[in-house]
Amino acid sequence: MIQTIKNNLEEIQMKALGESAITVQFGAEISPSINKKVKALASKLQHESFSGFIECTPAFASVTVFYDPFIVKQAYGEKAKTSFQIVHAILERMLEVLVEEEESKPRIVEIPVCYGNDFGPDLDFVAAHNNLSVDEVIHLHASAEYPVYMIGFAPGFPYLGGLSEKIHAPRRPSPRTSIPAGSVGIAGSQTGVYPISTPGGWQLIGRTPMALFRPDRDQPSVLSAGDIVKFIPITKEEYDQYQERWQ
Amino acid sequence: MSVQIIRPGLLATIQDLGRYGFQQYGVVVGGAMDSLSLRLANVLVGNEEGEAAIEVTMMGTSLQFNEDTLISITGGDLNPVIDGNPVPLWRPIFVQKNTVLSFTGCKVGCRAYVAVAGGFSIPNVMNSKSTYIRGEIGGFKGRALQEGDLIPLGEENSFSRKIKKVLQSKLEQRSFASVDWYVPFERYVNKSVVRVLKGTEFEKFSESAQKQFFEQEFQITPQSDRMGYRLSGASLGLKQPFELLSEAVANGTIQVPSDGNPIVLLADRQTTGGYPRIGQIAAADLPVIAQMKPGDCVRFQEISLYEAEQLYMEREKEIKQIRTALLLKKWSFE
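Going line by line, the protein sequences match chains A and B. So in this note's numbering, spot 143 of the first sequence is number 143, and the numbers just go up one at a time. So in this note's numbering, spot 225 of the second sequence is number 1225, and the numbers just go up one at a time.
Hints were generated in silico from the structure; no laboratory data involved. Don't be surprised by glycine CBs; every beta carbon is placed ideally from N, CA and C. Certain hints may be false.
[Said to hold, decoys possible] No more than 16 Å apart at the CA atoms, straight line, and that leaves these computed lysine to aspartate or glutamate pairs for EDC-like: (1) B:K1320 with A:E92; (2) B:K1317 with A:D68; (3) A:K44 with A:E92; (4) A:K15 with B:E1203; (5) A:K15 with B:E1201; (6) B:K1293 with B:E1316; (7) B:K1141 with A:D216; (8) B:K1320 with B:E1049.
[Unchecked claim] Covered by chain B, according to a simulated footprint, are these stretches of chain A (three or more residues, beta-carbon under 8 Å): (9) 17-29; (10) 58-69; (11) 84-95; (12) 135-141; (13) 168-179; (14) 187-194.
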């Protein structure tokens, strides 16, 4: 059944991200009810965008709307108003009533992970930070089901909810300049996988041999929002076998 | 028609205005670091503003034009030469078949754009020809240009052909010819002050950090590339530590990890991030930071959202005026 969401605009924050974007924040936590609003606004923007709209980036609890201030002003050009005010008003109107996306049955994707050692240089930190043993961290990380809330950061990078509070860990004090593709990391209450080699600041606990970004395919991201991810612990030998098989 | 890479130099890539519409899949926008210079380079040869061009970084790049070609060079002055003669920037240039253009060093700025009339005939990947090296997509085979690469050119339009013809008649003994006017945009690429709006988490930084951010000078460290510049200078601390949920970042977002050293996110930035954002560079000044290189010092000057929007509008109007003037042939090609 299609549900409509009525929003109390006072509970939603809208902030400028420079002169060319506005971030609509529905909250500050990972929660299915907040994320439903995110998806509903993102979908509404795809279907009834406005002149000057470039694209939007949905996140856990926010949607950032990118626009060209020059085109907005030309199209809606009320003399006294700035483009920010014009887009702000358009978004407020859109937010009054949102239509919840219909949810299909989630796809379950198993991702094999070799935890620790060179593959997870921050596993010890995550364990120490939470007064746990390394094995307890691995067990906790590999025993949950993680809904994919969003794809972001890098092509195909899944942001996962559902991380056990017992293994939350802050981001690194300074991001690494290069992280190998396949690295599995933790940042605060989030966990995810780096699909390509890139700089990044998450605490790394393991690595998967599975390629999550396949640029030669029509749908280059293996995962999409709504999928459920399960991490399956594997040994170094199994990791090498997978890699041989998949390359 | 094609351009051949004789030497790639430090880094040369094909870039356009970026890959929009796919950030929701984590696909990085990319595109020219100095998009103003790219747009003007295209305007000067009669292309659409967003056509792909070669982004040359710092030095060492040599290109050969395998047919008579209309080109333009904009952005930083990387000392471009043909047959030992300096080649002027910010104007249309006719180059004869088999001419070699070499970039021999950084005089001003660090990125130059070489546009060719007709653009490059390479496939679009997700609506863009820009090269995203880390994702191995776009541009020429998804990678930086290499020695021997032959990049095919697209078809010139009638406007480009007209300019080409006029300039060709001015060749005399040289292998290139140009005009004596230029578009006065070099002033945007030789500055050290960058105008910045307060970032989303500005108020969460300590009072001294808020003050130092706008008062101190920051140096661009060697750990800087098209994804972002890491800065050193004052260490910027928070009032209290906290972890954010990741959300969108933009070109010019300045984030600060807990070690206190700011990072300026640029063309190849990630789509989302979770370090606190102390500032956001005004779009009008993105070309300024994009032309700065490791070792250079930058100072951030606070402006309001209103001012940033005004600057944006003025810049767009200026580009439109130049485009119109060229089309109306207000400048002489004789």
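Okay, the hints, checked on the actual structure:
| no. | hint | result |
| --- | --- | --- |
| 1 | B:K1320 with A:E92 | violated (32 Å) |
| 2 | B:K1317 with A:D68 | holds (13 Å) |
| 3 | A:K44 with A:E92 | holds (13 Å) |
| 4 | A:K15 with B:E1203 | holds (13 Å) |
| 5 | A:K15 with B:E1201 | holds (10 Å) |
| 6 | B:K1293 with B:E1316 | violated (26 Å) |
| 7 | B:K1141 with A:D216 | holds (12 Å) |
| 8 | B:K1320 with B:E1049 | holds (10 Å) |
| 9 | 17-29 | holds (count 9) |
| 10 | 58-69 | holds (count 8) |
| 11 | 84-95 | violated (count 1) |
| 12 | 135-141 | violated (count 0) |
| 13 | 168-179 | holds (count 8) |
| 14 | 187-194 | holds (count 4) |
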